[in-house]
Amino acid sequence: MSITELDRPASTDTRLKVVDCDIHPTMREDSQILPFLPKRWQDHYKTYRRNVRQGLHGTLTHPRMQVNRIDAIPPGGGPPGSDLDFMRRQHLDANNIEWGLLQALQPSGAAERNVEFGAALASANNDWQIAEWIDKEPRLKGSIQVTQEYPEAAVREIEKRANDRRFVQVSMSPRADEPLGRRRYWPIFEACERNDLPIGLHVPGFGAGYASTPAGWPSFYLEEHQTFAFIIMGVFTSMVLEGAFEAFPGLKLVLVEGGFAWVAPLAWRLDKHWERMRSEVPHLKRKPSDYIREHIWYTTQPMEEPERHEDLVRAIEWIGWDRLLFSTDYPHWDFDDPRMVLRVNVTNAQRRMIFSENAKRVFRFG
Amino acid sequence: MRVPYKGAIDCDVHVGVPGLSALVPYLDAYWQERVRVQQLERLDFSITSYPPSMPLSGRPDWRPEKGPPGSDLALLQAKALDGFGSRFAILNALWGSQMLFAEDMAAAFCRAVNDWVAAEWLDRDPRLRASIMVPTQNPELAAEEIEHRARDPRFVQVLVLAGLDLPLGRRQHWPMFRAAERLGLPIGVHAGSTYRHPPSASGWPSYLLEDYVSNTQLFAAQLTSLVSEGVFAKFPGLTVVLLESGFTWLAPFAWKFNKTWRGVRSEVPWVTKPPFDVIRDHVRLTIQPADLPPGAAPLGDVLDQLGSDELLLFATDFPHWQFDGDDALPDGLPPDLTRKILIDNPLATYSRLRETVS
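First to last, the sequence lines map onto chains Y and B. Per the working numbering, the first sequence runs over residues 102 to 467. Per the working numbering, the second sequence runs over residues 117 to 474.
Bound-form chain B, shown alone (with noise of 0.2 Å):
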């Protein structure tokens, strides 16, 4: 169904960098000096997860003429923001710094993707909010360059990939989260990876669309990681954003996950309640993709099982293309409901939106 009324807050935007050479202006002296003598510009950074052309990283009517998907600041007013009638929008950048191996050309990189955000997007129209993108390869720097960017009020979230080099809860990501939880930012675990492990847990796939559909899989083991290593037993005040997740999944996912700890969670002396209640207080999800039965009927079983009317959060995941016309919401989604996913769960999750708001 489509958006009823003005005022939704959209929590994941995609905005495609053109280039390594679209960045080098936010590079300093060194990095200028590297990107020229390595002509690094003439190399690919678009990552492995959404090559640009590919059906499901640009919906056909929201590709701008020209560049990748999500590269046109026209286009995303015209149909991201004016279209569904948002009031805010979070932009998410996917782009190759998290790829490398390279820890300081990581954080470089990173940087300037955060510079160009701001001077790009930020700068040029109000409604618009960031995240940050972090060299996870290394949280300490990581946790540096969250601590530099938090001074800028509108990036309101840490974004990460959810494919990384170890699992999410391990304690050596636990600056970047000390960093996220003093701050009042969401880490935003967005769909895709660095490929450091199979994206399958059988083995490298044939298909990008196995890749995609298997993003499921690497959430779930990325809640299981963040949950039994008892990160939120640590940081109490920080909730994680799980960005084009889908939704369906994580109900039977926690039925076992509860099943499971109770019989051996003497192992994991920190996590002192059921792990479903442990991500209701602590995870949220966006709604697209909706990986939802066929026909309308069962919306609400699948909506009951998650046991909460807090866990989810209104996005379009422009451009990708995850829904045709104006239909950002299931059918059936009945109206109390509607209005937590459009604004008031938004609100609860990004305090950041919240002082911008009161």
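One chain only, chain Y, in its complex shape (with noise of 0.2 Å):
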């Protein structure tokens, strides 16, 4: 089996080259994120903190069983994620990340419901990307953040930073107001073809004000983590027969920390069903599988571990080795360690794909 390459002691130069589309940066504490904020929101920030949609503004109502690898946390203190060095050491270094495309969760603005607030937000997220990594590692790269619910504001965003190539996609919340695919949000769509930045969704989007699951609130982390995989496929499903794919055709969207095993399955049962109702969605030139396969990757962490291997291999092969694009979640307690997983028969070619060129050719590395 090709995986023996990995077993084997190897230098630097032929072990196999790591793109990691899903890495944590963290602040040190929250105030890290003031110096980045106009006088008036570090003023309202410290006043009235962050307004949300759920009832601990400070905490997830899921507290998880561990946050964080332990063995994360950087010698020098702060929480795991927060110290560029010890990551370098920890992650880049040692798995051979050659880019690694940062996802900064927090504080984003996404799920702020001042979205003035939200927006000032987003874009001292940016700045400190700027300021703590990107411009510090040259391997990180950042994702532009935007507050979805003030589409001029989110524009505004994207185009401040499009010719900035440090910056390689606009990140926003898989669970916005209204599902993804809706009209209001099509001016973020429209600057992002037009600047070739691919859309980048990150679970979970809290704190957008509704249930987590259709089925209403879970309660327990193990069942909240599921929902990282039903959130994926709501913003999925929407973007697909909303029509986002049709009216912007050279939009890309990258569905991050969902899986992907359920691709396949879900776009079989949208054929399907498309098939008997496309009267209700005359806009959709195509079947719904075709928008999928043209405009769709998966990053691949948490890699789904089928019962048999062999089931993995089929599961990719209904999706296309083309759209996945491999991640670790580092440093999240459920990374995905690149010498550990995809430990399926698959040829070299299969997995350059996944670990590398296929993150190269959506977002433009190099």
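Note that these hints are calculated values from the structure, not bench results. Using N, Cα and C, we set each Cβ at its ideal position, and we do this for glycine too. One or more hints might be untrue.
[As the list claims (entries may be wrong)] Straight-line distance between alpha carbons at most 35 Å, and here's what the computed DSBU-like set of lysine-lysine pairs gives:
1) Y:Lys-461 with B:Lys-375
2) B:Lys-375 with Y:Lys-353
3) Y:Lys-388 with B:Lys-375
4) B:Lys-375 with Y:Lys-118
[As the list claims (entries may be wrong)] Covered stretches of chain B, going by a simulated chain Y footprint (3 or more residues, C-beta under 8 Å):
5) 326-338
6) 360-372
From these two lone chains plus the hints, build me the complex, please.
Here is the structure:
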């Protein structure tokens, strides 16, 4: 099996080069955002904090079993993901990361009810990514955080950053006020298409104000972790059926941390029932799976682990080898180790596609 | 492919309640008075998930000349029973009782629907069986209806909609499960929602097509809830049947559920084996709609992923439009599995059918 090449001791030159599409940089503390905010919003933040749509404003309502790898706590203190030097040693160097895409989730402004403040937070987050990360480490690339509920501000933010190639995608919440394919978000898609920037949607989108499953709010973190897939399925379905890809033929969508084994069955289901109900969505000129095949990519973590290994290969074959972008989710506890995942019989060419080539093409790295 | 021989057990056939006026004779004096005073008969209690005129709600050649799809006994006998040579068909009524906020009204309307099903359908054809519509708004009242109805052995399972106020596994629902387990009744969870929550985890979609496709997220969330809350540890004799759920989504969902459980299982110490194993022990799924890969070749791959030949139950989903002609089964289904799906698995699932047969 081709996996044996990963098990052999190898020099840096011969090891598989990895593009990691999901790395989380963390603020040492929330107040680290303050210097990047205008004075007016610094005062607002100190006085009112963030106005979200859940009962706890400072933590999750599903306390996690663990958030981060215990071994990712930097020796110099601070939370995992807050120390660039340690991230270099523990992850970028050790795992031969050629490019790493930052998903700077907190605070991104996406769930903020005061959208003017949300827009200020998003912009501050982007400036923080520059100052603390992507300016200091050329292997790391940023995501342009925008506030999807304020499309005019989001478009301004995209235009402001689009020529800075240290940023390679636009990020917003997969749990918006409305399903993301709906018309109110189209000005953002138009700006992404115009600037050839993929949209990266990272789960979970806390604070959206409606249940994280169509069955209601779950009780346990075990359940909440399953919602990551449901949320991404919801966005996937919405973007296709609303006709976003018909309207924006150059739009690229990257779905982050939702898994991928569900993609083929959901595409079969969409095609089947679209056939019966297509008079409801006459704006679709092609069957749903055609748009899916052309416009959507998926990061790999948390990679599903079928009971029979060959089912993973089958799932990928149904989706397409060119659609998957390797990701680790460093430094979170459910990190997928590039040396350990995809322990199946695939060709070296296929492995290279997933671990680096697909991402380089989608994000125009290089 | 066609059903190859007679004797199948059709686990999902729909009867359409023509309207509240048809139920009035089955209401008690108080509720008859309420209906009259409030003029409730003028209201339309058909459910949002299945507008009667929607293509999916009625196959063109299975629609009666008047009334909602599934409201004509002769048509159901000719098309669903004779048409597929079925030995039994389990009737599932989808109607507005489970949507109402008022629990007592919900309980009264559910009871009337069940009485109407018994009198207008079960009494008229010995091949018919039915599910018990229960007021899920109040699980104590639901348990009462289960106890009451279980005296009639022709009612073989409890029927709830997939989308309720709370996730299905939550302890508030346990009185319903306790009664069902004790009486040997599976809980049938049918596609569709009370719309207490958006049908997608990404909000309120624009289209019914989107709602319908998103039912798989809803079913997956309910399985997550049932397993995680420990329903099957508490009620080891309980079976849950997913009705009109599709089944090709199940294995990919369960792979991820297994993986996460390995990481955080100390949060749910009552889940003592991988979730997919729990699901195989306690959950069954009807075979329509079969959301299959294009082309016939990979069917075996999809079926093998389930890891058991006992999970699937035959259903036509009459009069819903899931397939054309007589092809109620996926092409290329192997003969042994076909027999299990058509007969053995339904008999193993529905203890009350076994009693009738033996």
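Now for the hints, and whether the structure bears them out:
For the hint linking Lys-461 (chain Y) to Lys-375 (chain B), the alpha-carbon distance of about 29 Å falls within 35 Å, and the restraint holds. A hinted pair counts as satisfied when its Cα atoms are at most 35 Å apart, and Lys-375 (chain B) with Lys-353 (chain Y) qualifies at roughly 29 Å. With a C-alpha separation of about 33 Å, the suggested pairing of Lys-388 (chain Y) with Lys-375 (chain B) holds against the 35 Å cut-off. Between Lys-375 (chain B) and Lys-118 (chain Y), the direct Cα distance comes to roughly 26 Å. Compliance with the 35 Å bound is thereby established for this hinted pair.
Look at the stretch 326-338 of chain B against chain Y: 10 of its residues bring a Cβ nearer than 8 Å to a Cβ of that chain, three or more, so the hint holds. Taking a C-beta to C-beta cut-off of 8 Å, the stretch 360-372 of chain B contributes 8 residues in contact with chain Y, enough for the three needed, and the coverage statement holds.
Taken one by one, the earlier hints all hold for this structure without exception.
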